[in-house]
Every structure is written in C-alpha cells, then in structure tokens.
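For chain R, the structure is supplied; the task is to place chain S on it using the hints.
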Amino acid sequence: MFEVRFHGRGGQGAVTAADLLALAAFIDGRCAQSFPSFGSERTGAPVVAYCRLAERAIRTREPVVEPDCVVVIDPTLVHQVDLFSGLAADGYVLINSSRRLGALGLGTLAERFRPERLLTVGATEVARRQLGRPLPNAALLGGLAALTAEVSLPAVSAAIRERFGRDGTLAERNVAAASEVFQQARLALTADGRAVLGAPAD
Amino acid sequence: MLRQIEGSRAVAETVARCRPEVVCAYPISPQTHIIEALGEMVKSGALAPCEFVNVESEFAAMSVAIGASAAGARAFTATASQGLLFMMEAVYNASGLGLPIVMTLANRAVGAPINIWNDHSDAMAARDAGWVQLFAETIQEAADLHVQAFRLAEELSVPVMVCMDGFILTHATEQVDLPAADAVDAFLPAYEPRQVLDPDEPYSIGAMVGPEAFEEVRYLAHARQLAALERIPELAEEFAESFGRDSGGLVHPYRSADAEVVVVAMGSVLGTIKDVVDAQREAGHRIGALGITSFRPFPGDAVRNALAGAQRVVVVEKAFSVGFGGVLSTDVAMALSGLPVTLSTVVAGLGGRPITKSSLGNIFTAALRGEAERLTFLDLKTELVVRELERMSVRRRSGPTAENVLRDIGSVGSGIG
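Residue numbers (my numbering), protein chains in the order written: chain R, 1 to 202; chain S, 203 to 619.
Chain R on its own, in the form it takes in the complex (with noise of 0.2 Å):
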C-alpha cells in the first residue's frame, strides 16, 4: 500500500488531485481510494486529501495518518500546518514551490527524510503558463509520477482527459503542465546528483 496526503488551501484542487491520482493509479491496473478530509468548502483554508494506492481492494476508511508521501500544493502552508506528521523516514516530498528547500526554510527536511526523495517543482508557473492560470494540481502529478514511480505519467495524462475530458483543451493543457513538471522533476533529480529513478514508463 502507498499512501499520499495531499495539502493546499480550498480551490487549489487539492481533493481533485487525489482523485486524479486515483484515477490514473486505476488506469495503471491498481486498485485505489481517494478522499477528501471531509471539510467545509472555504477559498483559502488549509485543506487536506488523501490517496491510498495498493494492489488489492482498499477496505480502510481511516485519514492516512502514516503517508509514503506528502505533497504540498501551497507552499505557503509550510509554516502553518503540520505537513509532514507521520511521514516515514523513507517517505517522499514533492513541495509546490519553484524555490530550494532551503529557502523555503526546510533545509532540515534533508536530515530527517531521505534527500533524494525530497523535491521542489514550480508547478504553478508551468501551470500559469500551460493553462492561463495557477492550477498546479494536475500539473504535480507529473511530479509525483517523477518522484516515486508509483503512478505512470501515461496514466496520469489519462487520467487528466478523462476527467477534463469535456473541454479537450483544458485537457491537454493540463496533460502539457504535467508533462513539463514531469520532465522538470527528472532533470532536477538528476542533476542534484541524485539516484536516478528507476526508469518511470514515459
């Protein structure tokens, strides 16, 4: 089972990420479960979704309170909410911001998790530009497919038209972002030196 808590703020798409994920997971011929932390709906409060990814049928319906993963679509929450509680220490970042961790003020993070499986892509920009506006949502799914090799980013582009399957362009804007955040996340994780990822299908 692979666990993913996602955060952001109401109207970011942090519950449609999760879904996303979900979908794309499917896609991949996994089994997968996604929802939200059951808030109230408010622009701008802090709001968290969850993804679990496994390869039999998910009974649980407990929050995911020991993630493999944490994603942080607003990296203005940082500061603000315990983002990375339960995380284990094999466990993967992927943060929404297109500055270092270290400028974030997470330098720390490095010692507590493993440094390679840390990681800032400036999903939002790719975002502003591919689609007009800052919905970075599906656009760090690329990232999170870079990242952890849990999900394809086939399956992902997948997943992104068959849920903005109405509207072909926003689709394939969206696929672009996740695309290029894709791309970035590898070239990142590479040039740090990093381990390169086990050759995630593209």
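If you're looking for bench data, these hints aren't it; they were derived computationally from the structure. Built from N, CA and C at the ideal position, the CB exists for glycine as well. Mixed in with the good hints, there may be bad ones.
[What the hints assert, rightly or not] Stretches of chain R that chain S covers, calculated by requiring three or more beta carbons in the stretch to come under 8 Å of a beta carbon on chain S:
no.	segment
1	9–23
2	29–37
3	48–62
[As the list claims (entries may be wrong)] Sample of chain R residues lacking proximity to chain S, with all beta carbon distances greater than 10 Å (derived):
no.	residue
4	V78
5	F84
6	A171
Using the frame of chain R, we list chain S on its own:
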C-alpha cells in the same frame, strides 16, 4: 465495467438506471453531489422521462415525493442530517401511506452544535418512522442497494432509505462496477402502483383512523417490515445471480464462525474493522465481525445465529441515545437475550471523528482479554470534558458548551483529528 468513480456519482448514475420519473430534493451536504448529478442528467435528457422538481425545503422534497408516488410515479429524493429532521413529518406520512419512495441518506451528524461530518445520528432519528433502512459498507454496495431498494419498496409498498456514510462514501472515489442498464431493467420491472391518484377520478388518500383501527393499521406496517425481512435476502440472492456480486442482504458475517469476540457495526467502518480483524487473526486471536446491512427491519434471528457462538460482542456504533447509550447495541442485546454473551458498546466517529485502526485495535484487544467496558466513547478527549465539568461545577448556567470546548482546544473553526 469497473470505473474509478466518486460515491455520489456512482449512486446518481445507478439511480438514473432505475428510471425514476420524479426526482425532487433540496441540497444539503453531503448529499448534494448526488442530486446535482441527477439534475444534470435530467437537464441533458440522459435521464428521461423524468421530472426534476426544485423545491424550497426538505419538507417540500418529501411532500413532492409523496405526491409523485401517489400519482403513480417512481420517486426518488436524498437528504442528510437536519434535512431529514426537517422533513420528518412527511417521512412518517410516506410510510404510513405505503408509498414506495426511495431516499438516499448521506449520513451526517445532527446539530447543535452544527457539524457537517459523518455519523449515524440522522438515521437513528428516523429509526421508528416505518421506513426500511439499509446501510452500505462500500460505494459499490451503496450503488447496488438502490437497485434492490426500488424493487423491495415497490413489491411491499414501503419506502426504503439507503444509508451511506457522508463524505467517507459520498465524496470518496474507488473502483465500482455500476449495475448495467439492461440488467437493471431486467431486475427492476416498471412501477405498477396499487392505486393512482387521478384528477379525472378524484378521491383522497390518507384517511383519519381512530382508536377502532389504528393499532391494526400500525400492526400491518410491522407485518410489512417482517415481510421485508424475508424478501431482503431473496432479493440479494437474485441480485447476486443477475449482477455476479454480493450486495445487500440482512447481515454480513466476517471470520466470525469460530470467533470468541465478534465486532458488530453498520456502514463504511466495517472496512476498517475487517483490516483490524485480519491483523488480530494473524496474531492468533479468534476475532471476527458482523456487518448489519438491514437496520430496519432488524434481523434479530440472523444476528442471534451469527453471534450465538461468541463469548463477547463489541458493538461499534456512530450514534448514541443521550442519557442511555448504544442504539444498535440495544437491538443486538435483545437479539442475544438469554445467551451467555457479554456485550460492550463503543460509540465512535461522532461528528466525523476519524475511527483509526489503532484505536479500534486497542478496544478489540481489551475485549479479547475480557476487559472491555460496557460503554466506551472511542478517543474521547477526557481533559476537555473534565475542564468543562469543572467550570460547570463552579458556576451553574444554561446554554451551549460548544464555545467553551472550542476555546479550550484553541480552535474557533472546524477541523478534524
């Protein structure tokens, strides 16, 4: 065909395949997505012939469903929490009039204090309203139960409430095999009402019944529920033959045959419970679970049979009767009367408090050791309760305690955990 789909969407699409002719509802979280999806399907023509009636309140929603059903239409609505309470007079009327309305209840706590999250307080408030109440464990079962609900309702002239945990099932996505439209058509014949209100041949329904026959009318309502007790497992079996999977029925035993401790529950928490049961089985403990799908009618015999071999029974329930304790527990205790079984009640998940495997595991371990208390509130923050009790002992006053408790935890807004 398997799809990764949201619970509300799965229910809406399945309800549409049941071909309701009138859908009327007033939006309330966490039911809203179901009604929005059905509204879109009616507007686009994907669900036709069907009239979507926008109403001004839940009371109107149930009243329109009553009118539509009495006029011969297959009627569907959905609500939750305060919405159910607001329509309650009409809820009793629907069953008293024998109208086969199907309603989704997206289970949610009842205020005050206002809370939009999941528990079963709303369903328990309608326990005695004369409706069949079926509880879904998964999104798949929630979808499937609606197909069975229309069939049962129309065969027996009794309204059916399909209860699904708000947010936990309504807003989650998982793999669902939606009942295929042609198979639903084969399983669910067109609605043939026993009598139809017709403006051309006017008459009225809803007669006043005095002491001379009221008890008999009520007894007959009970008899209809007892008939449902027979029919529910038959329909589940027929459903399994048609759709190739088990959904519905009265109860679902899980590894309980040789169990010393059996955990009884309703709804989505059963999934979490099964994971804990598996872990404790691996550790060599004889523990199992019993899911109750049909809460009304209550399958006393099936529950008794399933629990007869257990030494201890733990009822995990997401509601309680203030001033007494468990609601489901009371029914289970009645079913077990005379048997040498110890029963404990665990009130859990109130107002959306997460029910974790860790906390359930602790309670089950205590039960295996014979140390479970009669009534436990799972993960109760005792310090908050004590502080408020101390304040109240210093100065008596009336009014809400919610604000004091929120001040203690430093939160004026909503949150979980």
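Status of each hint after checking the structure:
1. For the segment 9–23 of chain R, the stated coverage by chain S holds: 4 residues have a C-beta nearer than 8 Å to a C-beta of that chain, and at least 3 were required.
2. Against chain S, the segment 29–37 of chain R contributes 7 residues with a C-beta closer than 8 Å to a partner C-beta. That satisfies the three-residue criterion, and the hint holds.
3. With 6 residues having a beta carbon nearer than 8 Å to a beta carbon of chain S, the segment 48–62 of chain R meets the requirement of three or more and the stated coverage holds.
4. No Cβ of chain S comes within 10 Å of the Cβ of V78(R); the nearest lies about 18 Å off, and the non-interface call holds.
5. No beta-carbon of chain S comes within 10 Å of the beta-carbon of F84(R); the shortest separation is about 15 Å.
6. A171(R), annotated as away from the interface, keeps every beta carbon of chain S farther than 10 Å; the closest lies near 17 Å.
Of the numbered hints stated above, none is contradicted by the structure.
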